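Protein chains: 4
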Amino acid sequence: MAMTGVLRPGHAQIRVLDLEEGVRHYRDILGLVETGRDAQGRVYFKCWDERDHNSFILRQADCAGLDFFGFKVLDTATLNKLDADLQAYGVKTERIPAGDMLETGERVRFEIPSGHLIELYAEKTSVGNGCGLVNPVAWTADSERGIAPVRLDHALLYGPNVAAVQKLFTEVLGFYLVERVLTPDGAGNVAIWLSCGHKVHDIAFAEYPEPGKLHHCSFLLETWEEVLRAGDIMSVNKTPVDIGPTRHGVTRGCTIYAWDPSGNRFETFMGGYQPYPDYKEALTWTFDNFGQGLDYPQRKLHETFLTVVS
Amino acid sequence: MAMTGVLRPGHAQIRVLDLEEGVRHYRDILGLVETGRDAQGRVYFKCWDERDHNSFILRQADCAGLDFFGFKVLDTATLNKLDADLQAYGVKTERIPAGDMLETGERVRFEIPSGHLIELYAEKTSVGNGCGLVNPVAWTADSERGIAPVRLDHALLYGPNVAAVQKLFTEVLGFYLVERVLTPDGAGNVAIWLSCGHKVHDIAFAEYPEPGKLHHCSFLLETWEEVLRAGDIMSVNKTPVDIGPTRHGVTRGCTIYAWDPSGNRFETFMGGYQPYPDYKEALTWTFDNFGQGLDYPQRKLHETFLTVVS
Amino acid sequence: MAMTGVLRPGHAQIRVLDLEEGVRHYRDILGLVETGRDAQGRVYFKCWDERDHNSFILRQADCAGLDFFGFKVLDTATLNKLDADLQAYGVKTERIPAGDMLETGERVRFEIPSGHLIELYAEKTSVGNGCGLVNPVAWTADSERGIAPVRLDHALLYGPNVAAVQKLFTEVLGFYLVERVLTPDGAGNVAIWLSCGHKVHDIAFAEYPEPGKLHHCSFLLETWEEVLRAGDIMSVNKTPVDIGPTRHGVTRGCTIYAWDPSGNRFETFMGGYQPYPDYKEALTWTFDNFGQGLDYPQRKLHETFLTVVS
Amino acid sequence: MAMTGVLRPGHAQIRVLDLEEGVRHYRDILGLVETGRDAQGRVYFKCWDERDHNSFILRQADCAGLDFFGFKVLDTATLNKLDADLQAYGVKTERIPAGDMLETGERVRFEIPSGHLIELYAEKTSVGNGCGLVNPVAWTADSERGIAPVRLDHALLYGPNVAAVQKLFTEVLGFYLVERVLTPDGAGNVAIWLSCGHKVHDIAFAEYPEPGKLHHCSFLLETWEEVLRAGDIMSVNKTPVDIGPTRHGVTRGCTIYAWDPSGNRFETFMGGYQPYPDYKEALTWTFDNFGQGLDYPQRKLHETFLTVVS
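If you read the protein sequences in the order shown, they are chains A, X, G and W. full-length UniProt numbering numbers the first residue of the first sequence as 1 and each following residue consecutively. full-length UniProt numbering numbers the first residue of the second sequence as 1 and each following residue consecutively. full-length UniProt numbering numbers the first residue of the third sequence as 1 and each following residue consecutively. full-length UniProt numbering numbers the first residue of the fourth sequence as 1 and each following residue consecutively.
Same shape as in the complex, but just chain A (with noise of 0.2 Å):
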């Protein structure tokens, strides 16, 4: 299989302060579809072409931030070599089984030198993008609920000791880097961005003095349309937006960043390059340059991305 190991973002769990009004946001406004809810009173979401049942989970609890971030394997195989390989590098995991979350299997959970909790597993429930497995359309009303993004695409958390998490993603997951922020004086990267297929990113990090925090999950649109649509959607609710419209240096993707009600940061994001990891050398922004990076048409450093995390 030229594909293999760890294959793709496959859920994020994160807590919101109001279960309900977290329901209705990620719901009516980002458009998820809203797929199940289990005993602990945890809300489970797809993107509406996304084909196994759930990427996105709401908790409520008394603060606002990320409690995991899971990613999909090939297969059990996979699962348990990398499980292995991960103890053998010195890593702690734990196994949670089956059925902890719906109609997905075991998961694989340890914490990385950032301070998150990571996870891998190999099974979720297909349940289809309702676009059908014959004669599929190509368009159905569910791809315009909301803001409607594809997928779940990546996320950026921030945490102490991005160069251990560097090398545990590079070493250990077959990750690559594909560009990275230099620290001011040059010696070592601020912010990095891993792709474990030909994805410009599926997971990134930056550099924070507190542990597990998160920046922002990422939503998938197809369009720079899309983008401007989610704006529209945004501003016709009220959701608070807090850079964009606008493209990404890094990556050359287009993004609007914006809050959710309990303050978790999301983005609605198109674009990129796809790079492969026979790319020898990741893209390297100088720190001096950090805000064409980010905001590319303003080259401007906002505050808030360098300091609201949840």
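Do not rely on the hints blindly, as some may be mistaken.
Identical copies look the same in the list; a pair holds intra-copy or inter-copy alike.
[Stated by the list, open to error] The calculated lysine-lysine pairs, modelled on DSSO-like cross-linking and capped at a C-alpha distance of 30 Å, are:
(1) K238 to K280
(2) K238 to K92
(3) K92 to K300
(4) K300 to K81
(5) K167 to K238
(6) K81 to K92
(7) K81 to K238
Honestly, the hints are just simulated from the structure, not real lab data. It should be emphasised that the depicted structure is a prediction, and the values quoted were computed from it without experimental measurement.
Starting from the structure of chain A, add chains X, G and W where the hints point.
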């Protein structure tokens, strides 16, 4: 490494009846970047956003068509492993020494049951996309010279024994089936679309009595507006258009098919969804609905699609 | 007032063979807003972004086609002035009292040399576009119900005596010629595009032996992506497509031509440049290049364009 | 003639601190076409798709800002009529002889209550858009040289006495009010958008204590993708961006505001709806919602919008 084995289409060598006429077409109208000419008289091109030295090669000959289609693999160990796997599967392979093609390492060549020559290689000199590696620009004039695709995306090849080709690509080379069109009786496939990563297709085949035929090489654009612009540039240059602009039902991608001056069809393409190898079932088109798969708005199986190859 | 006289196309009344089938097509697939039904059984529609009560009316009849096409004029004084001008020019006019059409004032009706009934009127009740007049929203769900054009844009009518029609529209009604296709001998025009403002066309005519025929009514979309989406929605609903998506050379606009269930052609259209009446010369297409004028990428004069009318 | 009186914005003359620096900005980055220089040292430009000889003129001076803004009228009779109407209204007018500006006929100049010099003229030499008048091309390389707007679209001017300006433009010059922002007490307008055709604005004014100030001249693009591209080209060239890319709530148009090297703001703009003079009510924004009117997604009244003029 999560992305292993065969990475992507890397090069296609095409026969043209008049070399300079072909160069004018592919360089000035399609907007490929000419990167070299070799002692055999072959002319090498790359797409502007590709980093490797070449992806498309013209050779003057008495008849149009495809000499060979090559895939880049992760590294030399992968190349040797796949060579051994092919031989173990019963496929005779040939080693072509590094340097036979400009800036390209050793290639493993073999004929597949449809009569096409396929190659694997691990090394091609990286020359970059002209945007720089440090604080790269997000826009360059090269991205607007001619139609200016970002990469060689895939090819559709016509020949016999599609079932055997599918078995070889999926069992030995690590591809998976993304979509297919059934035979009229539903017992087999008349056409298959295969991926080795999470592109909607890296190679496709259709059943055809004559072996080794080229239906089209496809070049990727980034937006539907660029497809329209491609059609404008074709019209201004009197490039004969076959089909489009339109959307394919198969892959959901958007397309124009047109012909180069020697009668080789090429495609300017964008979009499509991104599948993964854990998708359990390939999308399936019934033969009676092939027209909607080809031309989604018109639901029309254009005669030329089935009959004109080179 | 800088914008005086005839303002724009205001309404078209079309014959359909089955009223409810027609309503389903225009309301549910094209996405017009149904605004009323009258005692004669006619069904009234508007496009979502139009402010007046109606712009498109269906009447059940034994044959498809156009009953009449109406233009809104600035005010009642203008209506009376144009009526007098028409009579002075030798055109017989008829007054149809206010209230004959729902929410529509008195109309001046006359037959033009191509055999079509044209109307002028000054009053139609403003019902708004649903976005509000104070702090209006920039996005509304109505803008995405079905294909959802923003307005009735123009019509192309087929009939005899195009030269006399041109003279009437330019000398009496204040239109100017924007583009034209010459006859094969170059001595006259086989088709003309006329504007009364700075739209690229408000009405167009083509020479045809049979009088009073409808080629198509055109509905405006805002982007090329919306033209693609229109094609998707047509395909899902099995609406028969005639030509497109493509760009016209004439007007530079982008189009899909398709048929309603009764065989009336309609167009979903976007773009085109904006001419002004001080442009000294109309753009001219030679007859041998009519194909590029119709279908710019394909440079093809599709047979149906010349022969299928209602 | 349906389109009479004032047709459209025809030219703007702007002061720059360094002429050659200004030329490089407007010619090489914005992509205007340089069409001439006169004995006074002024440099003349047009947008590629405009047919008249010039629309934008640079004059070197000690301070940035707007010298005058001119409208083209239908013909000489209209020019004389409007001159007489202005004088009858109590506005002092000045005749500037033909030839004072290159390829431009006699101009009628007058000062409006906001302290700006406005001009009317009927004649400017048509030089064409480079696409030809017979079988015109739909694509030309000029349309992609720099940002490459299609036309000078409108200007926003800051000065006192907006109410008196509105009265003059609507009662004498034939404009109508399309949108407005109310004063905080709702008793008057702090900003008005006026049209003389069916563009969403041909000129706009905002109340400001200092007379004769330029907020921005606006150049029209055709798509939201071209707005993104404009931002890319600005970033590559280090053009300072003020606001955007974003959508305005007012007009629904999409925008980037940026500054030329002398500090004159310019806009690259697309879209907006098309109003007509029979629309009974102008769209109205309350002062407390001015932010949503300016930047629809962010709902933010950027400080620079109110305070930085030239």
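Broken hints, numbered, in rising order?
-> 2, 3, 4, 5, 7
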